[in-house]
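Trainee: Sequence:
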Amino acid sequence: MSLPLTNHTLEKLEALLLAMGYKVRYEKGNFKTGSCLLEHNKVVVVNKFSNLEGKIAALVTLVKQTNAEENLLDEKQRQFYQSLQQTELF
Numbered sequence: 001m002s003l004p005l006t007n008h009t010l011e012k013l014e015a016l017l018l019a020m021g022y023k024v025r026y027e028k029g030n031f032k033t034g035s036c037l038l039e040h041n042k043v044v045v046v047n048k049f050s051n052l053e054g055k056i057a058a059l060v061t062l063v064k065q066t067n068a069e070e071n072l073l074d075e076k077q078r079q080f081y082q083s084l085q086q087t088e089l090f
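All residue numbers for the sequence shown refer to the working numbering, where the first residue is 1 and numbers rise by one.
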């Protein structure tokens, strides 16, 4: 599945992470992957200077690395989460 690189996709990823219990913050940083996951605090920090493609790629990578409790997600978010698990980036 190919993921459109739009602001709407970025918003869906942010909403999904929020539903999973994570807080998404955009801050200055020099992360090698464009983002940083503070697992213990459930905070995702994304480099605010990354372009849209980089932000989406970083968030998709983090979502794929986390284990969501799918019962906490609504039906659309659950479908989106499952589709992300099968998505290949670039």
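Note that these hints are calculated values from the structure, not bench results. Take these hints with a grain of salt, some might be off.
As the list claims (entries may be wrong) - Here are the simulated lysine-lysine pairs, BS3-like style, with alpha carbons at most 25 Å apart:
1. Lys76 with Lys42
2. Lys23 with Lys64
3. Lys76 with Lys28
4. Lys64 with Lys12
5. Lys12 with Lys76
6. Lys23 with Lys12
7. Lys64 with Lys76
8. Lys12 with Lys48
Trainee: Look at each hint and say if it fits the structure.
Mentor: Outcome of the hint check:
The hinted pair formed by Lys76 and Lys42 meets the criterion: a straight-line CA distance of about 22 Å does not exceed 25 Å. A hinted pair counts as satisfied when its Cα atoms are at most 25 Å apart, and Lys23 with Lys64 qualifies at roughly 16 Å. For a cut-off of 25 Å, the pair hint linking Lys76 to Lys28 is broken: about 31 Å separates their Cα positions. Using a Cα cut-off of 25 Å, the hinted pair Lys64 and Lys12 holds, with the two alpha carbons roughly 14 Å apart.
For a cut-off of 25 Å, the pair hint linking Lys12 to Lys76 stands: about 10 Å separates their Cα positions. Restraint check: the Cα-Cα separation between Lys23 and Lys12 comes to about 14 Å, which is no more than 25 Å; the hinted pair holds. As the CA atoms of Lys64 and Lys76 are separated by approximately 17 Å, the hinted pair is consistent with the 25 Å bound. About 17 Å separates the Cα atoms of Lys12 and Lys48, which keeps this hinted pair within 25 Å; it holds.
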